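**Student:** Below, each chain spelled out in residue letters.
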Amino acid sequence: MTALRSFLRYGIGEATRGGPAYHLWMALLTLLMCVGLFAYCVQLDQGLAVTGMRDQVSWGFYISNFAFLVGIAAAAVILVMPAYVLEEMDFKRAVLIGEAVAVAAVLMAIAFVVVDVGGPARLWHVLPGLGRMNFPRSMLAWDILVLNGYLVLNLGIPFYLLFTRFRGHTPDRRRYVPFVFLSILWAVSLHLVTAFLFAGLPARPYWHSALLGPRFLATAFTAGPALIILILVAIRRHTEMPVADRTIEKLAMIVTVAAQVCCVMSISEIFTETYRSTHHSHSARYLFFGLDGHNRLVPWIWSSLALQFAAAGVLSVHRWRQRLPVLLAACSALVVAIEIEKGMGTIIPGFVPEPWGKVVEYAPTWVEFAVGLGIFAMGAFVFTVLAKVAIPVELGKVRYTGPV
Amino acid sequence: MKNGLVQILSQPMDRRTAITVAGCAVAGAATAAASVANAINPFASPESREASRLEWQRYFQENYRLMSEEEKTEALLRLERLHQLKHGGRISVSGAEPIEKVLFGYAFNVSKCRGYLECVSACIRENNQDRASGMAYIRIHEHRNGEFDFSKASDTFDHPVPAEGHFYLGTQCFHCQNPPCVDVCPVKATWMEPDGIVVVDYDWCIGCRYCMAACPYDARRFNWQAPEVPEADLNPNQHYLGNRMRQKGVVEKCTFCIQRSRDGRNPACVEACPTGARIFGNLLDPQSEIRWVLANKKVFRLKEDLGTDPKFWYFMD
Amino acid sequence: MRFALAGASVVSIFVLAACGGSPGRPPRPMSALDIVPAPPGVVERAAFMEKAPCTRCHTVPLAAMSPVHPAAHWGVAQRHAPNETMQCQTCHADPVRGELRMLGGAPVGFDESHRLCGQCHARQQKDWAGGAHGKRATGWASARVAIGCTGCHNPHSPGFGRRLPAMTRKEAAGE
Ligand code: SF4
Ligand code: SF4
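Protein chains in written order, with the working numbering: chain A, 195 to 598; chain B, 84 to 400; chain C, 193 to 367.
This is chain A alone, in the form it adopts within the complex (with noise of 0.2 angstroms):
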């Protein structure tokens, strides 16, 4: 209990403490944060009127977010199963922040989700015992059930990781592999969960498609590593944690795959839907060509199309892939490119145009950029502290010396 009581003491004084540079930083997401929740405050006295969305369109931003977001947390942990199952122990390293980045992607998940729904206040009604979950006929309880325990086993496993580290122990493996395994299953599920939440709608034809969860997966495994290589690039400049060339190096290869395999199931969908074009291929129509003079998706999904293809090419050559700028740069460019067909190419689609054909566009307002915005920086808040907290311990700077 000791400590117990000491990790934390530790965890919270290294989180308060840093250079200006550090409070600088946090200073500024915390006003970024401010900002989000001053918006939030406008959207719950007036009400979702103030979003772009309406009865037609009825999902927006938040909602195009909280995908990305879900494919970003359950490739962080993709990066687990080499690490804890080959035992590369570099990779080790990166999986802790692989698994950081989940925990912040998964808490901005739930809160883009807190942010859509109109009665917040009522949320106590999905709570599994004391209200009534409509469980299992509702992929959006699976979802909910799904993202609350993957939070749970991303916090738990580095928990137990670094809190044997930090009593100077080695962490047991037979304690922690099965929920290794156990999060790895699950971060598949996840993302198929949330993808299915979407395909399993018959009403939306965009959605209703083989392809979605498939397709969300393949995203996923491209933007998440992509941000995660960033990141760890960032982390390598910044703090004193080693990052190995050949863990960025792996990781690039990864990225390589799922983002050839994105070119690939993009080429396969837009051949479907334009070949022979019916009533069904109107919202994929509407996103990529425009439909009776209504076009405000079309430059942002072939820009982000143009990305992805540009970005998968660049990585596909060696020589170009393990140069670090270009490696750097390409990344960015898929985690925008996949951030945009996420968030414009594949949920706003999907209610365009409507069930009886009728085009509403949606532009998202400016309270939802101002919400979405606070949402991000409340992530990167996480993750800073997650970090900040875990580099010391993991890289054996910090030890519990007291009694056990």
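Calculated from the structure, these hints are not laboratory results. Keep in mind that the hints are not guaranteed to be accurate.
Unchecked claim - List time: in silico DMTMM-like cross-link candidates among lysine to aspartate or glutamate, alpha-carbon distance up to 25 angstroms:
1) A:K552 with B:E387
2) C:K243 with C:D303
3) B:K169 with A:D239
4) B:K235 with A:D239
5) B:K380 with B:D368
6) A:K552 with B:E201
7) B:K386 with A:E463
8) A:K552 with B:D368
9) A:K552 with B:D241
10) B:K235 with A:E548
11) A:K552 with B:E247
12) B:K386 with A:D239
13) B:K386 with A:E548
14) B:K235 with A:E555
15) A:K552 with B:D232
16) B:K155 with A:D239
17) A:K552 with B:D392
18) B:K386 with A:E555
19) A:K552 with B:E225
20) B:K386 with A:D249
21) B:K169 with B:E311
22) A:K552 with B:E230
Predicted model, so just to flag it, every value in this text is computed and none were measured.
Add chains B and C with the ligands to chain A, keeping to what the hints say.
**Tutor:** Chains B and C with the ligands only, in chain A's frame:
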């Protein structure tokens, strides 16, 4: 944060503050705290204290379908009293149960509808729909003769009707016998009653709008802002699962005018239609008009391929 | 809705079962030639008609009166069928008797317009009797009482007019 977080309290209270990003727990606690604070506040008026107490009870009430008889009665009386406390007027909120051996069905005569929109107007008034946002459950689609493509039809026509060379067809909630909207609701806030009416418990809905995404017929409407009906225009004859006032952030839809149909009357749209294009009745009664239509007319339903099994048929003379 | 329904009372309430075609029993053949099926209850109208009974004015045969009150029915324009098909006398018998008349000359009361109209409009009559045409005056649960033909249609000009919808586009679409 004041006045915003806790929408179910319509009376503003200054001390109500809450700091939350994750929302749920803190929001709930804030609701509770604010209600309690006002309920025990010796300086608040007795009416406002009573209203706060009732809101507090309402906040923690059970899903309507799972309530006991006493709980249901309490919930109904609570709504009536709350309305009186807040707006002064009297309403009656019924909890009429489904009638046995009744399954409601609806038929729409495409040859007869002429686009007068009397049904839309009557529906809005009957069901206390938000006037500010112009919400409407019914959409009348104006199709050009020789075409049956909804994406080319207009539901925003504003010219004398019937327009030359056009025909009209209305859509609303079809009360699917296999409703996808019910399957997806994460909290069982929407369900099909034994008489076939798909209803929403507006006090249980969390406003996630998953049901709106799942409905293939654009039947559901969301309260993007607090709904407004002038007290003078309010229909005081209400049903808990029907036309009682909704709150901000919940979903609503056509209920076949449950407050009327369970009382043996026809829905407002059926009554208002000047051409007799709308037919309503009990599918289990072989003598009913709706059964006559099904047996004697060539009927069709929309998007049958989705397997929703709507209890809403179209036919022509 | 030329003739106000307000205050209309219900005369006869026949049991709906009597009308043919309900599922579960062999459908009853109906045509213009058929004897008119037992109708549902029909909303009474004759007692509320402004100029009824005809005998209020028509005390002598038409031929004897026409020079006296030439403008009594001046507002009535026959926009029902071409003149070669229908004239006043097609439906109105010698007004002294105060009734309508079937094509074959048999008298028929103002409250039984469905019998008269059904001579030509057999399909509509059948639909009306079954429940697919027209409106009922009662809710779904009560015994069926239908509004008769002339409760909705002006017999002299039975079509419905063109007019603006009950709501504007803005109201209907929330735009
Ligand atoms: S029409 Fe839509 S809202 Fe109505 S029951 Fe069917 S799916 Fe549900
Ligand atoms: S919006 Fe309400 S009724 Fe619809 S799925 Fe969500 S909780 Fe259920």
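**Student:** Taking the hints in turn, state whether each one holds.
**Tutor:** Going down the list of hints, with the structure as the test:
Between K552 (chain A) and E387 (chain B) the alpha-carbon distance is near 20 angstroms, which keeps this suggested pair within the 25 angstroms criterion. A distance of roughly 14 angstroms separates the Cα atoms of K243 (chain C) and D303 (chain C); the hinted pair therefore holds under the 25 angstroms criterion. Only pairs whose Cα atoms come within 25 angstroms are accepted, and K169 (chain B) paired with D239 (chain A) is accepted, the gap being roughly 19 angstroms. For the given pair, K235 (chain B) sits about 38 angstroms from D239 (chain A) by alpha-carbon distance, which is inconsistent with the 25 angstroms threshold.
Of the supplied pair hints, the one linking K380 (chain B) and D368 (chain B) holds, its CA atoms being roughly 17 angstroms apart against a limit of 25 angstroms. Of the supplied pair hints, the one linking K552 (chain A) and E201 (chain B) holds, its CA atoms being roughly 23 angstroms apart against a limit of 25 angstroms. Using a Cα cut-off of 25 angstroms, the hinted pair K386 (chain B) and E463 (chain A) holds, with the two alpha carbons roughly 24 angstroms apart. A threshold of 25 angstroms between alpha carbons decides the hint, and for K552 (chain A) with D368 (chain B) the separation of about 38 angstroms lies outside it, so the pair is violated.
Note on K552 (chain A) and D241 (chain B): the hinted pairing holds, with a Cα-Cα distance of about 17 angstroms set against a maximum of 25 angstroms. A threshold of 25 angstroms between alpha carbons decides the hint, and for K235 (chain B) with E548 (chain A) the separation of about 13 angstroms falls inside it, so the pair holds. Taking the CA atoms of K552 (chain A) and E247 (chain B), the gap is about 22 angstroms. The hint holds against a cut of 25 angstroms. For the proposed pair K386 (chain B) and D239 (chain A), the alpha carbon gap of about 39 angstroms is over 25 angstroms, so the pair is violated.
A hinted pair counts as satisfied when its Cα atoms are at most 25 angstroms apart, and K386 (chain B) with E548 (chain A) qualifies at roughly 14 angstroms. The straight-line distance between the Cα atoms of K235 (chain B) and E555 (chain A) is roughly 17 angstroms, inside the 25 angstroms bound, and the hint therefore holds. For the hint linking K552 (chain A) to D232 (chain B), the alpha-carbon distance of about 11 angstroms falls within 25 angstroms, and the restraint holds. The hinted pair formed by K155 (chain B) and D239 (chain A) fails the criterion: a straight-line CA distance of about 30 angstroms is larger than 25 angstroms.
Pair hint K552 (chain A) plus D392 (chain B) holds up; C-alpha atoms about 24 angstroms apart against a cutoff of 25 angstroms. For the hint linking K386 (chain B) to E555 (chain A), the alpha-carbon distance of about 24 angstroms falls within 25 angstroms, and the restraint holds. Distance check on the hinted pair: K552 (chain A) and E225 (chain B) sit about 13 angstroms apart at the alpha-carbon level, within 25 angstroms; holds. Simply put, K386 (chain B) and D249 (chain A) have alpha-carbon atoms about 20 angstroms apart, close enough for the 25 angstroms limit, and the pair holds.
Note on K169 (chain B) and E311 (chain B): the hinted pairing holds, with a Cα-Cα distance of about 14 angstroms set against a maximum of 25 angstroms. Annotation: proposed proximity of K552 (chain A) to E230 (chain B) holds, straight-line Cα distance about 16 angstroms (limit 25 angstroms).
Of the numbered hints listed earlier, those contradicted by the structure are 4, 8, 12, 16.
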